[in-house]
Structure formats: structure tokens, C-alpha cells
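Chemist: Read off the chains here:
There are 4 protein chains.
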Amino acid sequence: MILDLDPTLLESEVSALCLRLKQMKFVPVKQPGCRLALVQGVDKHVRPDAFLHLHGVQKVSPLKEKYKLASRFSHPEPTIIECKGKRIGGGHLFVAAGPCSIESKEQMDASAKAAAAHGATALRGGAFKPRTSPYDFQGMGEEGLQILRDAGEKYNLLTLSEVMEPAQVELAAGYVDILQVGARNMQNFSLLKELGKVKNPILLKRGFSATYQDLLMAAEYIMAHGNPNVILCERGIRTFETYTRNTLDLNAVCALKELTHLPIVVDPSHGTGIRSFVAPMSLASIAAGADGLVIEMHPDPDRSLSDAQQTISFDAFGKIMRDATLIKQTLAEASVI
Amino acid sequence: MILDLDPTLLESEVSALCLRLKQMKFVPVKQPGCRLALVQGVDKHVRPDAFLHLHGVQKVSPLKEKYKLASRFSHPEPTIIECKGKRIGGGHLFVAAGPCSIESKEQMDASAKAAAAHGATALRGGAFKPRTSPYDFQGMGEEGLQILRDAGEKYNLLTLSEVMEPAQVELAAGYVDILQVGARNMQNFSLLKELGKVKNPILLKRGFSATYQDLLMAAEYIMAHGNPNVILCERGIRTFETYTRNTLDLNAVCALKELTHLPIVVDPSHGTGIRSFVAPMSLASIAAGADGLVIEMHPDPDRSLSDAQQTISFDAFGKIMRDATLIKQTLAEASVI
Amino acid sequence: MILDLDPTLLESEVSALCLRLKQMKFVPVKQPGCRLALVQGVDKHVRPDAFLHLHGVQKVSPLKEKYKLASRFSHPEPTIIECKGKRIGGGHLFVAAGPCSIESKEQMDASAKAAAAHGATALRGGAFKPRTSPYDFQGMGEEGLQILRDAGEKYNLLTLSEVMEPAQVELAAGYVDILQVGARNMQNFSLLKELGKVKNPILLKRGFSATYQDLLMAAEYIMAHGNPNVILCERGIRTFETYTRNTLDLNAVCALKELTHLPIVVDPSHGTGIRSFVAPMSLASIAAGADGLVIEMHPDPDRSLSDAQQTISFDAFGKIMRDATLIKQTLAEASVI
Amino acid sequence: MILDLDPTLLESEVSALCLRLKQMKFVPVKQPGCRLALVQGVDKHVRPDAFLHLHGVQKVSPLKEKYKLASRFSHPEPTIIECKGKRIGGGHLFVAAGPCSIESKEQMDASAKAAAAHGATALRGGAFKPRTSPYDFQGMGEEGLQILRDAGEKYNLLTLSEVMEPAQVELAAGYVDILQVGARNMQNFSLLKELGKVKNPILLKRGFSATYQDLLMAAEYIMAHGNPNVILCERGIRTFETYTRNTLDLNAVCALKELTHLPIVVDPSHGTGIRSFVAPMSLASIAAGADGLVIEMHPDPDRSLSDAQQTISFDAFGKIMRDATLIKQTLAEASVI
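Chains as they are written, first to last, in the numbering used here: chain F, 1 to 337; chain D, 1 to 337; chain X, 1 to 337; chain W, 1 to 337.
Keep in mind the hints are simulated off the structure, nothing from the lab.
Each hint can be trusted.
If chains are identical, the list can't say which one is meant, so a pair holds when it fits in one copy or spans any two.
No farther apart than 27 Å at their CA atoms in a straight line, the calculated lysine-lysine pairs in the DSSO-like style are these:
1. Lys86 to Lys199
2. Lys22 to Lys105
3. Lys84 to Lys197
Based on the provided sequences and hints, a complete structural model is requested.
Modeler: Here's what the structure looks like:
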């Protein structure tokens, strides 16, 4: 249930309304633009007009669609997320590049320098690593976040890093601009709720067997709990094919453009798992209409501590940036003609 | 890396060894039977004999298989988990039954009474619910856990309930006998690590597009972090078929029997999503060799707050218990002949 | 469109009606019980009452469901197919056993002897082999069919063999009782039409990524073209799991029982691809309610020219027959209580 | 097994060699460039040197790879197929456009005119339609092939149409330039063998759950039986996603470029099933490196007798041709820099 409020309500009146709703056993969360979302247990049997007599409620939207805040139906214009003067979505090319794992100060400095030189928007790097084996390297933790922040600031890049549990959110949000939810955590609802409480943009990766609707419902969790700044990321799905690590689903770009106003980016590194496929699938993503790319690169790809087989060199990254920009320009000019 | 220690070592000597390993940048975790597992970052380039000179280390097992503690290779006999005098695995029929969500004291008391009358081992019920929509009922929380505990104690049933985040583990472990990891959290590694620190049996559900190896690696996380009591649960995978909610994969029972010593149970409620399929697929599971079943039942299935379409009545449950027991006996007698 | 005719019509009147329908650009096919199916191009825009004035037409059934003849809705009782005094479907246990490929007279004689001794209904063996490599052994052809027929007759077994193209149907129907459509040919519509013209029972294997509806539509092809004797066979689907050759989907047994009146059997040999899984999955199939089994066995499984890794010995087959019969009895008795 | 022959052999000597091989129970097929392929039953136990003493045999290649003729390993340069002065593969943009089903002379004339005006290479249209329902329109047959041929000749376009069974191959090859194998028939081995006997280029569509290797093995069937002119076509795979008809797998373009020398084209109409997705996915295909496109268009898309929801207008096709050409140029120029 979404309640649109009278925009002239005083803060104290909103608080009183929230208190009243809690007494009615609902959990209200404030949204941008004088709205409340009722989350965690709206009784299906409550009729919308039970809310209309409450002081300050102007309109009640029952949830006919499964996702409301993320839907293009209720918000036809594409969302543009602003972060430190950079824009994500709405025709602006967003590219995050960097190593899978943060390994050292030198590695991140070199990566940031190359990313900036080739025109990337953000520097990525993992400090908390979701590894399928308990015996593998699990990341540098907070020390890694500091290294990432310093490298980003030095080269005027946004920073992007993954969080894996609710307790890490506040810590990471203090160091990093954009928080990432990994594919394996796309339906970690406790984590999604916690991310609703911060203001950082959230890069939400599609689970490897999540439908488009599952992905949008996960975005709705973050939004309904208070954070509207969600970026969706297609990163490949699991199919019967074993030649590639995953099957990159670029239909998702078209489908999500139709279903939601949120920005959509593509991760061709995980989506293919093969170094030589990253460039062609990056260009295919942009041609399909994606708002950006997330790419694993490393000063010395073969020595990368994780994901070496899908990590590209700085030079290869430079060529992708050049070609992706050319394709974006070509298509922009063509649509004008 | 697994280190087998001299069984005559004093506690203080083990502590000294652990300290030494931490200085070497490893994270040691104590295992049953005088073993240490080195988790979270064993350097691939360290040679096993670097550990052999350490005081008290008798044998070093580098990880050729991806999972070591869960593997049948290193532990050929089936594991039998004992909990309050009941046995799980190794030919004992384990059946957990109860509603999807804990809704009230009356509902749980009636469910426990029926479960016990028909010979179930455990009472299940969700207090923290992983719902795909943020607007849906998210469970009764701690109040629900108390209701569950009381009903279980009254009818001498083990209790089973899901935890969704690391911060819930300690709380839930105080109320509930068996903690469940849901399919969507099978690779929530932070949660798995936390579950390694308690002693309760863990019912680990297979993610809906997890391979057998993925599932065993998730079990290995819990075991390597200190808790050997893991029960695996097949609950259906996501395929192209839309007539059923999931495709129940009973090949998994045969495959896991071959790969691991851990008990394997089946959840035909989620595995089919259709009430009338629960009985035949329960019997098929037992015939395939499963160690038990997890079944959603409710005093009034059509009024269940969640999963109504796959929830069965007490009478239907009674018939399943009777027929499953008959099949188990028939097969046990046949194998003797 | 299905037309029910006046049962007192003379043959000549039916012929005249068919001629009239052909002039109207429809293709009528005679069905059991005074019915005509209009196949291959019924115009969606023709209204049913355009047929009601035709002489002899009593009822016109437009196709609301996608499959009509195969549907349980229009034919609630399970179909029992009779063939040389043996019955398939409706509670009778049908088991076909034999080698993947027919290799020699001796091999087939030994197989038939063992199959009969253990109580099988039919002898299976491939004469035309659908091999994924053009360089592999493609079967003995007609010579193989003769060997199969002789072995079946000697031991009073029905015979079952695969056809791969329309031109083989007539030839094979002269030798073999039951014709099989392989998974790769489930949507070979030219072949399905040709099989509609013979009277032999058809064992139709589910394609490895066919939905239940796809399978039923394929059955409908055979039935609409004149042959009502279709047996459906679940033989595993392709998923992301690579440990097994296929993922056997026993939900299909429950679903097809609900959707159709046709008999449903299971092939655990292809459905698992692993010899040690054939027995437990055979028993699981029977417990789930399947009408029978199709099993690959060989006098010397390790020397089988094809599918050796999933082929079982005569002794293993005997044990499956014994245990499957016990489970079927147990469940039959239980349902009486 | 592949035998390379002495290029100076007389025709009569080759015939004698073939006769000798047949007596040895092998089936030899002549290949381009003085080669023989031994198909249909090479005994695994025969050693290669058993052939070396035969008159005229210079080299014997046992099949270490599963596919030999299709492999890039044995033929590093991309194959360019020439047909009536047009070139397919090797950087030449091949585009086939036209309606799903051939419906009338007027429809095909209009389609051919538009296709030619916008720069297409070929006119497509179905005369034999593989329909999942026996009651649906199954195509105009030979009459349709004549209409297709006439329209193609009038506008100087190659023609492309599907064949569904071995018996149709000779007929269709007399009318149509390029013969198509549909996704459902990709492993119809009888059909593939028959297509090995003609010289027309074959457009081989990937089955909707075929792996890359399955597709290449199907191509190998056609090639080993004598026809080297195979064009591979990605047309979407079946996954759990139901929003789109299929999931278009553009990783396949990169993978097949690596594995084979054959041309690779993409069908975004079936690969998405949604009209508005055809343009962006066409451009994505070209950006990923595809050699061409196969697109369903119709003079009046909403009145198309089949596949209306994925069929585009002539204008939409014109815009795709323009943009695809621009992207191809942009990338060609970029690779020079």
C-alpha cells in the first residue's frame, strides 16, 4: 500500500500519522515526495478506504502490480541518479572498472589511474568477497575499503564495492559511494531492508536464476524501505551451457527498459567468464540500450587473486571505452535523423 | 587446508598452535575429533609441509576436492545427527511438519498435536519469513519463536525454523532446535559462517539453481566454521516448466548419497507447489532413498497466511506418514532378502 | 475443431462429408467413435456453426484447450492400451527392458530371456540410432528389427523400437509392436503425422526441454491424425546440473496424470545417465504413480556399444522388478484401507 | 575418421577405394578438396594405420575433437559461402527478411520489394510450417515455394525457406537457394544427412536447449555427408524467464566465432518474441560480431497469419538496416585505427 500525503503537512503531523499506522499494526516508511509505503505485513483484507479518513492522507494506492515504486507505469520518465556531480541513467554512459578483489594500495592506484584516463565513471573493487569455498581468500575488509576510497578520491572517480550482510552496510556506506548487492544476495531480504536506510546508490545484481520480476521485487524492497537510488545490473544467468561461466541475457536490457524507470547496466565479465568475450559483449550491451557497464580489469590480469580468466588489461579496457563511446554516439545521431 | 592434531595435546597447546597460525595470517577453526580447518584465505601458494613442523600437527590435508568435511570420500559412513534423543540420518525416518508461517498459539498447538499423533519427528513454522514482496507479511518474529518452542515441548517434538541473517542466529538458537537456511540464502556466506558457531543442527535448503557441488560447498562453510551437524534439503529447482512452482529433483537424493555422508531430506511442498502432488512426491522421495521429509500442513489449509496452494490438511499428512512408513519397511525388508 | 457425427451414418455418407470439408479447405481425419478432427489449417475465423448444417454433424467442439483428444477434461477415465493381450496403463505395471542398440542375435536372445524371466512386458532395442556424432554407429537397421521381432516372439514379449523419420514408419510397423519417438524428435511434426496413420501403440518421449504442454501437443498430433494409442514417457530434462546426464522430473508423472488420460511411463536410464541411480529412481517413479518403466539392460553392460555408463545387468534388473512390484502392491493395498 | 587422398588420384581410383572401404563396413562420403569422411559406424577399435596401406590414402585423421570439419582448429580462416554472386560470412553483412508464413503472391511481392529497397540479401518465408498444434495452419507447400522463388528472382534476392523432413529436401532445393533447418529439427539426423547430399547453403538453427557443441555436431552431420555450406543461426534458448518467448544468447556469437569457421547469424525475432525488442537486439547482434540477421517482417504485421507479436513493419526494418550498417562501419573503422 502506498499513501500519498498532503504536501503541506507539518513534520509533526506526519509523525502522528505514522504512530497511528503503527498502532493499526502497519509499518510505514517515508518515501521521497510526501509518500508513505506500508511494508512488512499489510493485511490483504484491509480495504484502501480504511486509510482515507486519516488526517493528511490524500490518496491510497493498493498494490495491483507486484512492484509499485520500481514500475515504469507509475513513473514513466527514466530515473537519473546523481552522485558527486556524476549522472547515472538517462543516456549518460556509466562505466565502473577495476579488479575483482582489492589486493594492495599499488594495485588500486594503478587501476584508478587507468580507469580515469580512459574515461570511466567509477572504480570498483571487492573488500568483502562472496567466495563459494570457505577456504578461499575472503577479502581485505575495512582496510580494503580505505584503499578504495583513497584511490577513488585521488582520480576523481566514484567508488563501488559489495556488501554481504546487514551489519556491513553502515561501515561500507561511510567509505564507498555505490554499494553493490551481489547476485547470490539478490534475495537476502534482511540486507535489502538495511540498504533502504542509507542514501548511497545501490547497484543490485540480478540473481543467476532470477526472473525480471524477481529483480524488480528486490529493487522494490530497497525503495520501499526508503532508498530510491537503485541501479539494476544484468550479469548473466545459469543455463545448461557450460562453455561460458554464465549466459549473458541482453533481452533483459530491453525488458527492464520497458518495465522500470531505473538505470540498467551490464557486467560482461561475469556474464561471459571469458576474457576475449568482454569486449564484444560490452559493445553489444551498449547497442542493446544499456546505461552502462561494470568491468573487471587488473594491472596484471593473469596474476589477479580472483576471476583471472575473465579479467582484462588496461589496454583492452581503453579499447572498449573508445568503441562503446563510438557506438553510443552513432546511435544517438541516428535517432535524431 | 585441514590439520589433524595429536589427540593428546593439551587445550593450552592447541591455543598456542592457533595463535601461531593466526600470526601466519591463517584463520584456524576447531573441528570435532582433534582437527583444525584453516578458513578465509589459505594462500594457494603455501606448501602443506610448511605446517608439518608445527608442534602437535600430525597430518596436513590440502584440499584436492573442493569440499573436504562434507565429502563421503573422507567419511564413508553416513552421519547420524542426534538431537534430544532423536536421530536424523542413517535409515531413521525424519519428518518435520507444520505451517509455513507461525500465525497463533492455537494454530501451532493444533499442528503440533497432529504432527505428534501421526509420528512426525519435528514441528516446523516460520517466524522470520523471506517474502519476495516487501509489502507482504514478514512473520511474527521472536513472539513466534516462543509459540513454536512451547508447542514443540508440549508434544515432545523437535522444532525447526528459518533464520535469515547473522544477527538472528543467536536469538533463534535459544528457542529452536534445528535452524533452517532457506533456498534464497544458501549462498549467504555471512549467515553460513555464523551458523558454524552454534551447535544446533542446520537444515540447509538447496538454492533453486544451485548445483550439487554448490550445495555441498555451502555445507562445507558451516562445517569448516565449527558445526558438523548439517542436514541437506532438496526443495526443487527452477526450470522452464511453469505448471509446477519448482521442479523437484530426486536425482539429487541419489547423487548426494554418493557424494556426502550428511543426511538428505526432501521438501515436496516447495518442490511441487501443488497440494495434490505432495503425497505422491513424498512417497517417491522415500523410495529414492531420502532420509526424511519437510512438509507444510495447516489446520485449515485454505486459510493459511502463506503458501496455501501447497499446504495440506492433517488427514492428508497422516496418510503420507502411513504410506511412507510402509514403503520404508518394504524396502528395508527387501534389502535383507 | 472436432466434429461428432451421427453414429448411424453410412460409410458413404461419411465419405461425402469428408469430401465436402476438403472443398471447404479443411483436412478431416477419422477418429475412433464417430468423430472427425479437422487438422492442418482450421481458419481461426470460421465459426463453429458453419459446420452444424452439414449432413451428419451432431456436435462441433471448437478447441478452447490447446489439446483436446489428449486432455483428461474430455476423457476423465485413464486409457488402457491393449496390445497382443497385454495391457498398458490403468494400474497395470508396464516394463520394457533391453539394450540401447541391437547388436546381435545372441545379445537379443539373452536379453529377452532375462526380461521375460523377471516379468517384463516388452523387449526394447534400437535399430535406427539417433547419434549426436555422424561418425558413430547408427544401428543395424532392418536386420536389427528382424532380430528384435524373433526374440520378442520366442519369449512372448511385446517389442519396442525407435523410428526416426516418416519413411521408416511403415517398415518398422511391420516388425515391431510399439514404435518409439525419441526425445530429439518429439517435435518432428512430419514424423508425428505419419505415426497417426498406423495402429501400433506409440511411446512418445518428452523432449529434453519440452514443457508438459509441448508433450501433450505432440501426442495430440499423433491422435488427431488417427492413432489414439499414445504412451507418454518422461526421460529427464536438461538443466544446469552436470553431475547427471539429465534431471529426471517426476513432478511430470503427477502433472500428466492430472492433465491427460494417456499412460505415463518413466525412463530412469536416460533420466539419470548413471547405472547406480537406475534402481532408486525406478522405485521412486512407481511410488510417484507412473504406469511403467523403460530400462536399458545388457548381458554385459560394460561392453554395450552405446550408453554403457547407464546400462544395468540382468541381475540388477531382476531386483528392480521385484522391488517395484512390492511397492506397487503396498500402495494398492494401502489405498484400499 | 577423415582420410586425405592423393590429389592426383583418378576418379576411378577414388571409386575403387570407396568400394574397398564399403567392404570393410565403412560408409565413405566425398568431401571438398580430396577428402573422404567415414560416417555411420566407424568402429572405435579400428586403428588409423589400418587405412594407411590403402592405395591413394595420404593421411588419416582420427577424431580427437567431436567435430572435425566444422572446427576452427582444422580450418582457421572464416568460411565465406558464395551463392549467386552474394557472399555470406567473413565480414559481409547477410540479412534475410520476410514473413513467417508465405500467404499470397501479393504479400511476398511487397515483402521482396521492401527487403531489396532496404538492402537485404535474401527473402525468407515459410512454405512448410512446424506448428506446435496439429489444428493450426501448416503452410502453403509447393505453391508457396513457387511464389517465394518468383518474388526473389524479380528483386534479385536470395531465397530462404524451411524444410521439415528428408522427403521435402529435393523438392525445396529445386525452388529455394538456402534451406533452413528449424530449431525443433536441429537433431533430426535423418534430415541432416539428406541435406548433406545437396549443394544449397543450409541455415541451421540452434535448438532451444542445444549447447554450442550440439549445434556444431549437427553442422558436422551435414558437412560429413557432403555439403560444406552451413550457416549457423542463434535464435534464443529456453530458460526460466517467461516475459520473453526465448532468451537470446549472444555469448553464442563469441563462442562460435572461437570454435568454428562457419558464418554465424542471429534471429532476433524468435530470440525475443517481442516486436519492440527486434531493433535493439539486431544492433546488439551486429556489435557482438554476428555475420548477419534473419528477421520476420510483414506488409501488415498485425494481420500476419503466424508470429504476429514478433513481426515488424517494412519501415522498422529499414531503420534496423540503416543502424546495423552504421554500427558495422563504425566497428570496421575502429579496428583499423
